[in-house]
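Chain S is already provided as a structure; the job is to place chain X on it using the hints.
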Amino acid sequence: MKHDIRIVAVTGKGGTGKTIFTYLLARYAIELGYYPLLIDADPTMSHLTHLLEQKSDRTIESVRKDIIQVASQKTEDQNQKLAEEIDTIVEKSIIDTSTYSLLIMGQPETKGCFCPTNSLLRNIISAVIQDYDLIIIDAEAGLEQIHRQVMGDIDCLIILCDFSLRSVATANSIANSANKFINFKKIGLVINKKMGDFNAKFKENIKQIGIPIIGEVPFDEKLMKLEQMGESLDKLKDKSVAVKAIKKIAQNLLVTN
Amino acid sequence: MANLQEIRDFVEERKLHSSSYSVWNVKKNPEIRNFLKIGNRVWDGIILEEDVGLELGSKEYPLIKTIMTLNDSSAIHDSRITLIGEDLENLQTNYTRFGFLIFIGSTELKSSELRQIQRNISLTHSVEGIFEKQFGRHSWYQISRNLLERGLKFSHIGYILMNLVEQSLNHKIEAIEILMAINDDVLLDYFEELHKISRIESIHQFQNKIKEIQKLRLDCDLQNECNVCDNKGICDQIRDIITKRNVIRRESQ
Chain S
1 MKHDIRIVAV TGKGGTGKTI FTYLLARYAI ELGYYPLLID ADPTMSHLTH
51 LLEQKSDRTI ESVRKDIIQV ASQKTEDQNQ KLAEEIDTIV EKSIIDTSTY
101 SLLIMGQPET KGCFCPTNSL LRNIISAVIQ DYDLIIIDAE AGLEQIHRQV
151 MGDIDCLIIL CDFSLRSVAT ANSIANSANK FINFKKIGLV INKKMGDFNA
201 KFKENIKQIG IPIIGEVPFD EKLMKLEQMG ESLDKLKDKS VAVKAIKKIA
251 QNLLVTN
Chain X
1001 MANLQEIRDF VEERKLHSSS YSVWNVKKNP EIRNFLKIGN RVWDGIILEE
1051 DVGLELGSKE YPLIKTIMTL NDSSAIHDSR ITLIGEDLEN LQTNYTRFGF
1101 LIFIGSTELK SSELRQIQRN ISLTHSVEGI FEKQFGRHSW YQISRNLLER
1151 GLKFSHIGYI LMNLVEQSLN HKIEAIEILM AINDDVLLDY FEELHKISRI
1201 ESIHQFQNKI KEIQKLRLDC DLQNECNVCD NKGICDQIRD IITKRNVIRR
1251 ESQ
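Protein chains in written order, with the numbering used here: chain S, 1 to 257; chain X, 1001 to 1253.
Quick caveat, the hints were computed from the structure, so don't treat them as lab data.
Ideal Cβ placement from N, Cα and C applies to all residues, glycine included.
Do not take every clue at face value.
Stated by the list, open to error - Below, a sample of chain X positions facing chain S; criterion: calculated Cβ distance under 7 Å:
1) Asn1231
2) Ile1234
3) Cys1235
4) Ile1238
5) Arg1239
6) Asp1240
7) Ile1242
8) Ile1248
Said to hold, decoys possible - Stretch-level coverage of chain S by chain X, calculated; a stretch enters the list once three of its residues show a Cβ under 8 Å from a Cβ in chain X:
9) 58-72
10) 115-122
11) 156-168
If we strip away everything but chain X, and leave its shape as in the complex, we get:
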C-alpha cells in the first residue's frame, strides 16, 4: 500500500491541474455538521427517477470508496475534508465520476472491523435525499433534486461519511480525514488502484486468518462447525473463563 505521504503528494500534484479544489475542517464549521440529520434508518424512502437531481458515479463508473487505517494518528489531518474538482452547484454535466479515500487513525482497529465497515458503509437510509444505488458489487449515489436545491455540498457528503464511520467504529477512532475527487480521471484511476491494492491486502489478511483458525483446530471432526458440536456449551463456559481472565489481567497491569 502506498504510504500517506505518497498519496498526499499525488493529490497535491492534481490540485495544480484541477480547475478547483476545496478544503474544509468539520470541527470549525458548524454549518457542515448541522445541515442534515444523520443516522441509521433516518430515512426509509427511495428517490423516484424524476426526483433525481444528480448522480455521483454511474453503472459504468461506480463509486470508488476505500478506507485505510494508520496507527500514527498524528499523520492524519483530523476532521479535514479535501475535494479535488468542482463542488456540486458548479458541476456542469450530468456525467460524473466520483470516489473518496477515508483515512482513519487508530491503534485498536481490527482488520475484520475495517473490512466490515468497508463493505457496509452506505448512505442509503442514513440521510434524507441520498440513495446509494446498487448494481452487483458496484454502487453510485443518487441525490434528490430537493436536497440539491437546499444547498447540498461535497463538504456535507464528506461529513456524512465521517459521521457514519465514527458511529460504526465508535471510540476506536483517534483521527479521520477524507479525500474526495470528482471527474478527475487521473486521480480517480489512482484511487481505484489504491482500492485494488487494499482489497488484495485485505483478502490476504483474511485468508491468513482462516489458515490460522484451521491450524488451531486440528482435532476437530466437525470441520470447525462449532454450532453443531456437543461440546459447544462447555466451550462457551471456557470463553467466559477467558473473558474473566482477560479482565483480571487488564486490571492488574
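Excised from the complex, chain S in its bound form:
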C-alpha cells in the first residue's frame, strides 16, 4: 500500500465539517491497515479529540508554555534538565491507542512569538512523526498553527467547503494563503454536505479558486442525527453516503493501483 501522500491536512471554514471528514478519513485509513498519527490542530476547540472520545491535558501548547517558563528562570541547570527531557516530554504528550495515535496542539496560552520555541517543537515533532506512515491533521482555517508548530511541508492540503458562498470565499482565501504559510505537493477542494446540484453562481465561485475538486460528500442525514444526539460516529455504517464518498476520496489519495 505504498503511496506518496504521507501528510494530509484538512482545512476549511468553521462548520464545513473538517473534523468529521478527518475522523472518517482516518477511520478508512485504519481499515486500510494504517496506524495513523492524528493531529488535532484546532486551537479554539479540540473537536477531533472529543470526537475520538479522548482527553488530555498535555498539549503541544502546554509544552511550549513550560519551555518558556523554564527559559524565563534563566538558570543553567534548569536549561540542561529541560534539554535532556524535552523530546520525551513531547513524545509523552502523544496519546497512543490500539489503532491510532493522537497529538493535540491545544490553545495558545502565551502571548508573544518566542520563535525559537516553535523551531524546537517543530524539530522534535518532525523527528517523532518519522515513525508514522500517515499523518492526518485537522487544521484551523488559518493554517498558521500547522506551520508555526507542526511542520512546514505537507503532502496534500484538502480544503473543505459546503454549499455556502461564504465557505467558498474562505476556501479561496485559504488557497491563497497556503502558498504563504506552508509547502505542499497537492491541493484539492472537497464539497461537503452537498445537497442537489450546484447553481451557476456557486460553480463560478468555485472555478475562480482554481484548484481541482477532489471529491463531493453528500449531506448525510444519519450522520446529522448522530451528531444531534451527541452519539459516537462509530455507529455510522459503511453504507452511509458520507462514509462512501469519503472512502472514495481516501482511496484516490492513499491507495496506489
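Using the frame of chain S, we list chain X on its own:
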C-alpha cells in the same frame, strides 16, 4: 549550474587553443607554499601608482571570481591549480583579463557561508605586494613591481586564494581546486556566465531562506526585529536549551 565535468571539458578544449597552460599541485610543491606569508592583515600598505608592476583585470574588465561547492569531494583534484594562458613573467601586454573558479568539496558548508566567502575573499591586506582595487562591486588586482621582480607566478596567487578560503572555512573543506584563466576571452566569457548563474542561484536560495524565516514568525508584531523585542532574553535562553539538546542528540547518536 553546469556540472564539474562540463566545465572540465570546456577547459580541456580551451587548452588546445591556448599558447600555454600550466598545472601545479600545491601539496607536492613547497616552493609555492613558502613563497609568501599569507594571512589576515599581514600587510597594511597600498601600492602607489608608480610601484604597480602589473594589473590583473581592470575597471573595464573586472576580476571574475566564482566559488562553487560540491558534495562529492572525490570529483575535485585536491590542491590542484590550473592556469590557461601565459604565466606572469611571459605576459606581453599590460592589458589583462583575469578570472578564476574555485571548487570546494564539502558536505558541511552552508549556503550562507559560501555567500560570505564569495563576497569577502580579497587579497588586499592578506599578502604583501598585492592589492585588490575596488570600483563599485567590481575589482581587479594590482601587483607591485617588487613582487614581480621577486618571481611571483600564478601558482602563488592560486595558493594564496586556496589558503584564504581554507582559513575562512576552516575544517569544513575536504578538497579544493582552482581553475584560472588569463586573456582567454572565450574561457573568461564562460567563467562570467557561470558566475552569473551561481549568483542567481545564490540569490534564489537567499530569497527562499528569507521566505522560510518569515513563515516561521507569523505572530511577530515587530517585523522580526528580535533586538527590540521584550522577550529576547527568554528566546536566548531557549536557544541555549536548543544548543544543549543538539549536543545531547549528537552524543547519543
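Numbered hints the structure breaks, given as an ascending list
Number 11 - this is the single hint that the structure violates.
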